[in-house]
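Student: Chain by chain, the residues:
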Amino acid sequence: MSEASDWRVPDNPTSAGRVLHATLDLLDRQLRDRNGKLCGNVDDLEITRDEETGQMFISAILCGPGVLAYRMGRRRLGRWLEEANRRVHDTPRHHEPFERTRIPIELAGQVGPTIDVAVDIDDLATHDMERWTLTHVIRHIPGSGSRANQ
Amino acid sequence: MPSATHPRSRGIGHVERRRPRRAAALATLTIVAMLAAGCSEHSVGPARTYDDYERKSRTSAEVALSAVETVRLLAETSTDGNAWGAYTSVSLSEQEDTLAATEGDFASIQPPDHRSDDLRATLLELLGAASDHIAAVRIEARRGNLGSLADAAVPLAADSAALQQFLVSIER
Amino acid sequence: MKKVLGVALGVLTAIGGFVDMGDLVANAETGARFDMNLAWVVIVGVIGIVVYAEMSGRVAALCGRPVFDLVRERLGPRFGMANLLASFFINMLTLTAEIAGVALSLSLVSSVNYLFLIPFVAFLVWLVCWRMSFVMMERIFGLLGLCLVVFAVTVWKIGPDWNQLFSDAAHPHVPHSETVFTYAYFGIALFGAAMTPYEVFFFSSGAVEDGWTRKDLGENKINVLIGFPLGAALSLAIMASTHLLLAPRHISVDQLSQVALPVASAVGRLGLAVVIIGIFAATFGAALETSLSAGYVVAQYLGWPWGKHSAPRTASRFHVVVMMSIIAAALFGLTGVDPVKVTEYSIVLSAAALPLTYFPILVIANDPRYVGPEHTNGRFLNAVASVYLVILVLVAIATIPLMIITKGGS
Chain A
8 MSEASDWRVP DNPTSAGRVL HATLDLLDRQ LRDRNGKLCG NVDDLEITRD
58 EETGQMFISA ILCGPGVLAY RMGRRRLGRW LEEANRRVHD TPRHHEPFER
108 TRIPIELAGQ VGPTIDVAVD IDDLATHDME RWTLTHVIRH IPGSGSRANQ
Chain B
12 MPSATHPRSR GIGHVERRRP RRAAALATLT IVAMLAAGCS EHSVGPARTY
62 DDYERKSRTS AEVALSAVET VRLLAETSTD GNAWGAYTSV SLSEQEDTLA
112 ATEGDFASIQ PPDHRSDDLR ATLLELLGAA SDHIAAVRIE ARRGNLGSLA
162 DAAVPLAADS AALQQFLVSI ER
Chain C
36 MKKVLGVALG VLTAIGGFVD MGDLVANAET GARFDMNLAW VVIVGVIGIV
86 VYAEMSGRVA ALCGRPVFDL VRERLGPRFG MANLLASFFI NMLTLTAEIA
136 GVALSLSLVS SVNYLFLIPF VAFLVWLVCW RMSFVMMERI FGLLGLCLVV
186 FAVTVWKIGP DWNQLFSDAA HPHVPHSETV FTYAYFGIAL FGAAMTPYEV
236 FFFSSGAVED GWTRKDLGEN KINVLIGFPL GAALSLAIMA STHLLLAPRH
286 ISVDQLSQVA LPVASAVGRL GLAVVIIGIF AATFGAALET SLSAGYVVAQ
336 YLGWPWGKHS APRTASRFHV VVMMSIIAAA LFGLTGVDPV KVTEYSIVLS
386 AAALPLTYFP ILVIANDPRY VGPEHTNGRF LNAVASVYLV ILVLVAIATI
436 PLMIITKGGS
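Protein chains in written order, with the working numbering: chain A, 8 to 157; chain B, 12 to 183; chain C, 36 to 445.
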């Protein structure tokens with residue numbers, strides 16, 4: 008998916024739905040979680056080949072630390088970011104880090120100016136750094152909790 | 012299942028990307044180096060010919076003239092009661108520092124030939140006089156004698172005229 | 036009535052917010068060195084920013100997202116990254132210049148060396164970004180910036196030959212004491228000062244923070260069409276005041292204090308007080324805008340939560356970027372680097388990076404998927420905007436060579 012897509016609409020799509028151009032309508036779009044919070048961009052897309060029909064289809068949205076770096080060819084940077092995030096990630100390790108950057112495509116709802124996904128922002132790797140910054144930096148500064156006076 | 016660009020799969024195009032990246036980095040470094048070299052201050056740096064030296068003396072004289080005239084205007088403004096102490100003294104100090112820096116820079120340039128020696132002596136004398144007179148104004152200002160700065164600035168009229176005369180004399 | 040008041044407030048804020056350290060330095064310097072021979076550049080520049088600010092405001096109002104946010108998805112992550120890096124770097128230079136400008140204006144009333152004031156100023160800037168509401172921030176500093184109208188009063192008080200003044204401006208030429216290269220270089224600097232990129236990022240993100248919708252499109256147009264040109268008129272007043280009072284005395288502007296000198300000389304103590312308040316407000320407001328812009332561009336590229344409209348807690352990384360930028364800029368300023376020189380470099384480099392900023396705006400404002408089919412650019416607007424894009428590219432190409440040839444404008 009890092010090059011201009013050679014993917015074309017198959018002649019007999021297995022299900023009805025909107026026809027989207029993957030690079031224009033999906034890639035680099037802003038994601039929103041089920042509560043409307045901004046939770047990253049579509050950094051990359053996962054393509055799977057259907058075993059029976061041989062068709063390629065998008066199986067997941069990838070987003071999070073290092074994913075964009077990989078897509079742009081900066082693999083060492085991507086690996087470094089992934090590692091850094093692994094250290095910051097503080098919930099139990101029953102999820103493989105890889106999984107937290109992966110949003111199965113079935114969870115993607117509204118595709119428009121932003122793509123709404125049916126996950127909580129806490130489930131995503133992209134939020135780890137945000138949470139870390141919040142607890143270790145921002146929370147210590149007075150006045151961080153309340154809205155500024157109008 | 013891994014994507015085409017995920018680490019667990021083989022990255023396809025990453026090797027070919029190296030060359031354009033290196034070229035881009037090299038280009039950026041070259042531009043930065045050229046900028047750094049090209050944007051250095053005009054009056055510092057060696058002068059190899061008389062013309063070169065004359066050009067540098069012109070720049071220094073122009074800066075000095077600007078400083079002298081600014082101080083004269085500041086003195087006039089202050090005496091007329093149009094500015095307060097902090098503004099006047101801070102501004103005067105700034106001009107004094109500018110002139111001192113120019114004087115120091117010019118003095119440190121090696122004159123390329125004997126003809127330049129005369130030029131150097133003349134200009135340094137002018138810069139020195141201007142420096143002293145500006146310092147006198149600044150001292151008065153910091154003592155709080157804001158109303159009499161115009162008197163302290165009287166010698167600067169001659170300095171200004173002399174610098175302008177100098178600039179005319181080295182014009183071709 | 037309330038609506039009229041609201042619009043008036045918007046216009047006044049736009050006027051007062053137009054001038055920043057770059058405009059102060061650029062207009063004062065060119066007025067002293069080139070008289071009114073570069074006045075036309077200010078006019079060309081303001082038309083450019085009016086055209087593009089209207090487009091970016093329209094995009095923000097109609098699709099709820101600022102232009103920079105859309106650059107990555109519409110033009111790709113590589114272009115977005117190039118844009119991000121260039122904008123961020125230039126932003127840092129600008130922020131350093133603005134913080135130094137605030138410190139300098141305070142030093143002119145307190146006699147304390149401006150370097151000692153930089154940490155204090157940086158803290159204040161951060162505090163306002165942290166706690167003050169967006170609207171209040173815009174209003175206060177925008178309206179206080181109107182104090183710079185005293186430059187117009189200065190010109191009026193000097194009582195020049197108006198015909199001569201306008202005639203000079205209308206018939207530009209390269210002065211004898213200058214070369215065509217220095218003329219072009221300062222023209223570019225003036226142009227960069229008028230069309231500052233951070234202005235467009237801030238304006239666009241600000242529109243989203245303020246919650247603009249389709250109903251606000253009209254107000255956006257008025258703010259931009261009336262406010263910015265009047266702001267440009269203020270810039271020209273600065274140029275005229277140094278041309279009339281400093282140029283005849285062979286004074287060239289290399290300190291911020293000299294920018295205020297014509298006002299003191301012509302209008303007196305009250306004028307000096309007003310102009311320093313104006314300079315303080317203009318530079319402080321610009322410092323706020325550039326700090327927030329630093330946060331906006333990074334957060335928007337990477338998809339992080341961003342914005343001042345809700346508590347800092349909800350956008351931690353955004354606020355950390357803002358904080359780090361302020362600290363970095365303050366540290367750079369504390370190295371004793373000449374604020375006027377930093378300002379010059381920031382506006383010239385801004386000019387060089389303008390195509391990166393403005394090209395996406397033109398593309399997105401024409402895209403019906405973002406602004407809706409009825410609100411894409413009309414043909415006339417597209418023609419004007421395209422001409423400007425060509426100008427911007429030419430300016431960008433010429434900048435670095437000119438910088439080298441003129442040795443940074445000496």
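By construction, these hints were calculated from the structure, which means they are not laboratory data. In this text the structure is predicted, and so the values were computed from the model without any measurement. Be aware that a few hints might be false.
What the hints assert, rightly or not - Here are some chain C residues the structure puts well away from chain B; computed CB gaps all over 12 Å:
{"hint": "1", "residue": "LEU141"}
{"hint": "2", "residue": "PRO195"}
{"hint": "3", "residue": "ILE286"}
Said to hold, decoys possible - Some but not every residue of chain B turned toward chain C, in silico, with C-beta under 8 Å:
{"hint": "4", "residue": "TYR61"}
{"hint": "5", "residue": "THR81"}
{"hint": "6", "residue": "LEU84"}
{"hint": "7", "residue": "THR88"}
{"hint": "8", "residue": "THR90"}
{"hint": "9", "residue": "ALA97"}
{"hint": "10", "residue": "SER100"}
{"hint": "11", "residue": "SER102"}
{"hint": "12", "residue": "ALA132"}
{"hint": "13", "residue": "LEU135"}
{"hint": "14", "residue": "GLY139"}
{"hint": "15", "residue": "PHE177"}
{"hint": "16", "residue": "ILE181"}
Every residue gets a Cβ at the ideal spot worked out from N, C-alpha and C, and that includes glycine.
Student: Evaluate each hint against the coordinates.
Tutor: Hint check:
no., hint, verdict
1, LEU141, "10 Å, violated"
2, PRO195, "17 Å, holds"
3, ILE286, "5 Å, violated"
4, TYR61, "20 Å, violated"
5, THR81, "5 Å, holds"
6, LEU84, "6 Å, holds"
7, THR88, "5 Å, holds"
8, THR90, "11 Å, violated"
9, ALA97, "4 Å, holds"
10, SER100, "6 Å, holds"
11, SER102, "4 Å, holds"
12, ALA132, "23 Å, violated"
13, LEU135, "20 Å, violated"
14, GLY139, "20 Å, violated"
15, PHE177, "12 Å, violated"
16, ILE181, "14 Å, violated"
Checked against the numbered hints given earlier, the structure breaks hints 1, 3, 4, 8, 12, 13, 14, 15 and 16 and satisfies all the rest.
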